[in-house]
Amino acid sequence: MTDTITVNGTAHPMPDDPRVSLLDFLRQHIGLTGTKKGCDHGQCGACTVIVNGIRINSCLTLAAMHDGDSVTTIEGLGTPDEPSALQRAFLEHDGFQCGYCTPGQICSATAMLEELAANWPSDASESLEGRMSISGEEIRERMSGNLCRCGAYANIVAAIEEVAAGGKS
Amino acid sequence: MRPFQYTRAPSLAEASNMTAGEDTLAIAGGTNLLDLMKLQVEKPGQLADINRLGFADIEDTDDGGLRLGALATNTETAVHSRVRSDYPVLSRAILAGATQQLRNKATNGGNLCQRTRCFYFTNIDQPCNKREPGSGCGAIGGIAKLHAILGTSEQCIATYPGDMAVALSALDATVDIAGGKGERSVPVRDFHLLPGDTPWIENVLEPGEVITGIVLKAPVGGTQIYRKVRERSSYAFALVSVAAIIELTDGKFSRADLSFGGLAHKPWFDPRVGEALIGQTPSEALFDKAADLLLEDARGYGENDFKIPLTRRTLRAVLTQATENAA
Ligand SMILES: Cc1cc2nc3c(=O)[nH]c(=O)nc-3n(C[C@H](O)[C@H](O)[C@H](O)COP(=O)(O)OP(=O)(O)OC[C@H]3O[C@@H](n4cnc5c(N)ncnc54)[C@H](O)[C@@H]3O)c2cc1C
Ligand code: SF4
Ligand code: FES
Ligand code: FES
Numbered sequence: 001m002t003d004t005i006t007v008n009g010t011a012h013p014m015p016d017d018p019r020v021s022l023l024d025f026l027r028q029h030i031g032l033t034g035t036k037k038g039c040d041h042g043q044c045g046a047c048t049v050i051v052n053g054i055r056i057n058s059c060l061t062l063a064a065m066h067d068g069d070s071v072t073t074i075e076g077l078g079t080p081d082e083p084s085a086l087q088r089a090f091l092e093h094d095g096f097q098c099g100y101c102t103p104g105q106i107c108s109a110t111a112m113l114e115e116l117a118a119n120w121p122s123d124a125s126e127s128l129e130g131r132m133s134i135s136g137e138e139i140r141e142r143m144s145g146n147l148c149r150c151g152a153y154a155n156i157v158a159a160i161e162e163v164a165a166g167g168k169s
Numbered sequence: 001m002r003p004f005q006y007t008r009a010p011s012l013a014e015a016s017n018m019t020a021g022e023d024t025l026a027i028a029g030g031t032n033l034l035d036l037m038k039l040q041v042e043k044p045g046q047l048a049d050i051n052r053l054g055f056a057d058i059e060d061t062d063d064g065g066l067r068l069g070a071l072a073t074n075t076e077t078a079v080h081s082r083v084r085s086d087y088p089v090l091s092r093a094i095l096a097g098a099t100q101q102l103r104n105k106a107t108n109g110g111n112l113c114q115r116t117r118c119f120y121f122t123n124i125d126q127p128c129n130k131r132e133p134g135s136g137c138g139a140i141g142g143i144a145k146l147h148a149i150l151g152t153s154e155q156c157i158a159t160y161p162g163d164m165a166v167a168l169s170a171l172d173a174t175v176d177i178a179g180g181k182g183e184r185s186v187p188v189r190d191f192h193l194l195p196g197d198t199p200w201i202e203n204v205l206e207p208g209e210v211i212t213g214i215v216l217k218a219p220v221g222g223t224q225i226y227r228k229v230r231e232r233s234s235y236a237f238a239l240v241s242v243a244a245i246i247e248l249t250d251g252k253f254s255r256a257d258l259s260f261g262g263l264a265h266k267p268w269f270d271p272r273v274g275e276a277l278i279g280q281t282p283s284e285a286l287f288d289k290a291a292d293l294l295l296e297d298a299r300g301y302g303e304n305d306f307k308i309p310l311t312r313r314t315l316r317a318v319l320t321q322a323t324e325n326a327a
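Order-wise, the sequence lines are chains A and B.
Per my numbering: the first sequence = residues 1 to 169.
Per my numbering: the second sequence = residues 1 to 327.
These are calculated hints, taken from the structure and not from any lab test.
No false leads were slipped in.
Take a look, some chain A residues computed to stay more than 10 Å from chain B by CB distance:
hint, residue
1, Thr10
2, Arg27
3, Gly31
4, Thr33
5, Leu77
6, Gly78
7, Thr79
8, Ala85
9, Leu91
10, Ser135
11, Arg149
For lysine to aspartate or glutamate, the following DMTMM-like pairs were computed, each having C-alpha atoms within a straight-line distance of at most 20 Å:
hint, chain 1, residue 1, chain 2, residue 2
12, B, Lys38, A, Asp24
13, B, Lys217, B, Asp172
14, B, Lys38, B, Glu132
15, B, Lys145, B, Asp297
16, B, Lys43, A, Asp17
17, B, Lys217, B, Asp57
18, B, Lys38, B, Asp125
19, B, Lys38, A, Asp17
20, B, Lys38, A, Asp40
21, B, Lys38, A, Asp16
22, B, Lys289, B, Glu275
23, B, Lys43, B, Glu132
24, B, Lys217, B, Glu247
25, B, Lys252, B, Asp288
26, B, Lys43, B, Asp125
27, B, Lys43, A, Asp40
Just so you know, even glycine gets a beta-carbon here, dropped at the ideal spot from N, CA and C.
Model the full assembly from the supplied sequences, consistent with the hints where possible.
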């Protein structure tokens, strides 16, 4: 057991107040404001981060429960000069308007591609077993935990489809 | 959120000691409890974090079944190779609920104990007998679209909102419980309670008792379907759901295990429905007879009146699909 949380490779001390959500810890305690607070109740996905390789809503978990864990936020996925494949695809496909949901969308999609590669089924999957397809319907279902008030969905799906298909389509 | 003390339970015995007190709640994934604490619906003085107590494994049982650790996540359960191949109705039910992010954090034990989504329950300015005994039920005569049509009481008409437990009920799984007076196992079908005069008591857990696992019997095969009807195609709670395990032998029903979600304060299992089907040849008239039995005592509360015909149609659709596949 350690008393730090590692965020994008850097270890940080745990907060003193157990009430601090992982989301507030990221934004207010260590100044990583890329992760957004939309609803604070698990209903929008804006706060999605990747913990030990798994995507979760950072608003519905306590920082105190994550000692020893490794968290990746949007800041850890790429930089303006060296964006990740999904970050670049979101730019190229206009996968956003106001951009508020975008960090959550991209963190979510990053982990989602790993889930697809591991052939985890979704509610949209024809079969629970075998290779999962990367159809638009699958992407929409798998990304349904990330809402976009601007309704940029068509371009978000296009960006993810391109990366899922392994490059420019 | 109100201030609380956070303690990581060092052992099951200690978790049990802690939660035996009025003021302490166990926290697993936290996706339901923290939501309700932010709304001040739940106001524990202490949280006992049970996440590092072990019981997160999914293991074969000696008789060919499968034991799902209470702390295994909903995702780990839904993608487990044996759940996918031997208990597909369970994978399907889990995948039909919430979102990937939530399922990745939600645990099997926490899912069973999740609280109702009744709007009056989650709004502390409203009357609610479940949250504030004696304050009245806002939903009766109010906003009741999600509410129950079976097993209601004059005190409360809330539904148990989960999906996973509906499939577990159809599969006749059991819940392993530890702490309090020792270990015991309770069928999922008996785990949740009807509201009666004590709507705040939602399941059989006594103070200090912790769910350690869920046991699935040896697989029974059959055609397994989870059909969830909701207001949008994803990320919404069930209006009505049906978990079905159906088998035909020589053109007649030889297995018909059916449980329903969204209808009551618990996953609804009425043995008369399956009994009416067994030994019979599938037909529209037979499906209607099963629905008549299921809905014999159903009653709407205005906004949710639609659930009565919707349940009938959903049951008919599931039985049609299952018998077409199996024929
Ligand atoms: C936006 C949203 C949408 C959702 N949609 C759906 C849906 O469509 N279908 C669905 O089924 N669910 C849905 N959920 C609910 C979700 O599935 C539950 O929040 C989750 O399963 C709870 O598990 P948890 O481990 O996070 O529980 P926690 O929040 O940690 O705990 C919940 C309760 O269970 C108790 N508890 C936890 N573990 C144990 C244990 N081992 N023994 C005894 N008591 C225990 C806690 O004390 C607490 O009272 C949704 C949730 C959200 C926020
Ligand atoms: S239905 Fe139950 S939970 Fe909802 S307001 Fe009435 S008493 Fe409360
Ligand atoms: S802020 Fe966490 S889901 Fe909306
Ligand atoms: S781009 Fe504005 S909310 Fe999605």
